[in-house]
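J.: Take a look at the letters that make up each chain.
Protein chains: 2
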Amino acid sequence: MNTADMQRRITDAVDDAFDRQMETTKQFSAIPSTRGAEGPCQDMMHDLLRVRGYEVDDWHINTDDLKDLRGYGPIEHDFSHARTVVGTYRPTRDAGRSLILQGHCDVVPAGPLDMWDTPPFTPTIKDGWLYGRGAGDMKSGTIAALYALDALHAAGLKPTARIHFQSVIEEESTGVGALSTIQRGYRADCCFIPEPTDAKLVRSQVGVIWFRLKVRGKPVHVFEAGAGANAIKAATYLVEALEELEEEWNRRAASDRHFKSVKHPINLNPGIIKGGDWASSVPAWCDVDCRIAVLPGWSIAEHQAEIVACVDAAAKKHPFLAQNPPTVEWSGFLSEGYELTGAEESEAVLRKAHEAVYGNPLKELAFTALTDTRFYGLNSNIPSLCFGAKAEAMHGFNERVEVESLRKTTRAIALFVADWCGVEPI
Amino acid sequence: MNTADMQRRITDAVDDAFDRQMETTKQFSAIPSTRGAEGPCQDMMHDLLRVRGYEVDDWHINTDDLKDLRGYGPIEHDFSHARTVVGTYRPTRDAGRSLILQGHCDVVPAGPLDMWDTPPFTPTIKDGWLYGRGAGDMKSGTIAALYALDALHAAGLKPTARIHFQSVIEEESTGVGALSTIQRGYRADCCFIPEPTDAKLVRSQVGVIWFRLKVRGKPVHVFEAGAGANAIKAATYLVEALEELEEEWNRRAASDRHFKSVKHPINLNPGIIKGGDWASSVPAWCDVDCRIAVLPGWSIAEHQAEIVACVDAAAKKHPFLAQNPPTVEWSGFLSEGYELTGAEESEAVLRKAHEAVYGNPLKELAFTALTDTRFYGLNSNIPSLCFGAKAEAMHGFNERVEVESLRKTTRAIALFVADWCGVEPI
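Note that the protein sequences, when read in sequence, are chains A and B. The opening position of the first sequence corresponds to residue 587 in our numbering, with each subsequent residue numbered one higher. The opening position of the second sequence corresponds to residue 587 in our numbering, with each subsequent residue numbered one higher.
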């Protein structure tokens, strides 16, 4: 069987199963697997892997095992149900290069339901797009990888290298799920994460720091408002000070070889605010959960220190905060940026697969969001590719993924695996 | 019995019972009667009135009966348990001037407990002050009025006019409790509310409008922050616009005959803020609950319209808000200011009582908070006096009332009742 024949058999197999793939994608996306509620999603993935004959490793994550590892971010909620699921394929004859295929099943909150055109957890196909929370980021990618492996089997082929299919949690908040696979000992010659990248290869990605500003004021009756400090207004003042730091960091980004061409790659986001108990009481407290990006090579510890220094300096200039210093809590991501290097071999394989499916050269991307690739790359020196379908409004209302782009992604993953791991007839 | 003898017997009776009064005050203040949880407080007051022989009227409030009355403010929470308790004393011989004695038993939230030196609902006497949420505002005042009536009885006297002792809720949010007593038909020749005023008579008080700014943004992944609108930041921008309106209203206040001497009588308070669901999602929504004051004679409807116009005008200048107009909800108080007029007769009686107890002339106050007096004065033309003890940190941490000021307040109320209603030997 020549290469072109084999490619055709594989991509035909993808097409043959594509309706079933979309059905599975919808079922997977229908599970509201927000933080802390990923259990049923992991159960579904456990079953999908088990019935396909993978050796399933399904374990509860113990943060004590992880907290001293590179890239760990603190967990604040009940983590007793947190699990990782890995399905392993072991070849009869091990001749190729081993692979980790990874996807995260956690999704960000849907936000106010009335702002969705269709319910976020009722995945709906409309005008060639699949709508739903997580449909893009990234349940469709995980299922695409699963069906890519199925397609090889349907084409009468089996890989000749070990494959770990990993379903993780916490990608949206700490990355502790991916970190747990490293700690558990999973390794391979390459990692591939099908996040939605619009068929581009992520060359470099930002890191992220999450932190919480905590302001504690002196509440008084509003009739003596001058005597109290309004914690909400003090918190707003601190966010403005941090926006100056954001601009300073963007100026530094101009010297990054990949991000210099990206407009404003460092975004500060005050994402959650809660403050005060009563409209007629000057608010005594205000918490603001923020996210800010860093670039590859930037030290997390040094940038944490800059955040604290910025808050402290601003507080010193504020009559109330000077007397009642705000605090900074680390509330999730403490994640470095990651630049894909030393991956020439796997990149070449992806480039070929891409060319075969899309008929044009693979483009690259400097990504202003993070992905789990950093753990494989930085902690275990496993080159980690991130490549996937076309999605829009990730984290927004009416999140969606383009159905045809999913078909192509699935073909490309299948061809990549066949080439990277090698295949032989069943 | 001459006046001085009678006064002495009454004030002695207050002193004799003062330890018991403080005990009752502590018990009453120990009940965490925040909004919606006033039931047990009303039960206690029901019992206190019943054992003393008052005719108790204890009813559930039906907002349908009230919503078209002057000064009604909208209720957003479950109101099915909301009650008013009125104990009525009817004289054997009706010769004097009837009286409403009123206090509210609702208290504002305690806020973060760790900012209190003693637990807010464990009333504690320390260095001559009683500490606790509601100890000042205004449970100690209500119990003072109850014990003032007890003192007349202990002095062998009974009033010769009808007295309605009213325990109400919602003073801190809408005033609907006081309004319910008007709707129920309770009337008298004078109303007296022992809020903590540091032994001053409230001559004029502000009104209050509560409103909620609702901003709905377009949430997107923070990696494309420029494409989304941060609802938290948009809400902050609207608060800043409203601060300009606050200053405009303060300029107008310079022509008010009572408030012209008060520095910054109109306070805008952004008191509660809630926005966003996820640190790494550009927040899609933000609600800010605000309070602003108005002066006596200012139309509520006109000032509501000014608030809406201010928000609309600011939104039009804001790239995102212009496309996604914020809304203003009326979330509680829609309350006019109140100036005490036409009360010369009752004022003269209070002046005499004050002089007898304090040995100096009664001072007056332009009050930058509101009280329930407005309903009696504006809706039913009942002159309404507000006078009481010395309290600090109302709505704040370590709220407290000075114990000796309570004793004097109780004496003054007892002398006022004896003079206003008239008394005769039991």
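Bear in mind the hints are in silico, worked out from the structure with no lab data behind them. Careful: at least some of the hints might be erroneous.
Unchecked claim - Here are some chain A residues pointing at chain B (derived, C-beta under 10 Å):
| id | residue |
| --- | --- |
| 1 | T674 |
| 2 | I893 |
| 3 | A895 |
| 4 | A899 |
| 5 | K903 |
| 6 | F906 |
To be verified - Here are the computed lysine-lysine pairs in the DSS-like style, where the Cα-Cα straight-line distance is at most 25 Å:
| id | chain 1 | residue 1 | chain 2 | residue 2 |
| --- | --- | --- | --- | --- |
| 7 | A | K860 | B | K994 |
| 8 | A | K800 | B | K949 |
| 9 | A | K744 | A | K849 |
Claimed, not checked - Between beta-carbon pairs, the in silico distance windows are:
| id | chain 1 | residue 1 | chain 2 | residue 2 | range |
| --- | --- | --- | --- | --- | --- |
| 10 | A | A908 | B | T704 | 22 to 32 Å |
| 11 | B | R837 | A | A908 | 56 to 66 Å |
| 12 | A | D664 | B | E826 | 30 to 40 Å |
| 13 | A | G639 | B | S666 | 43 to 53 Å |
Ideal placement from N, C-alpha and C gives every residue a C-beta, glycine not left out.
J.: Output the numbers, in ascending order, of every earlier hint that fails for this structure.
T.: The structure conflicts with hints 1, 2, 3, 4, 5, 6, 7, 8, 9, 11 and 13, although it agrees with all the remaining ones.
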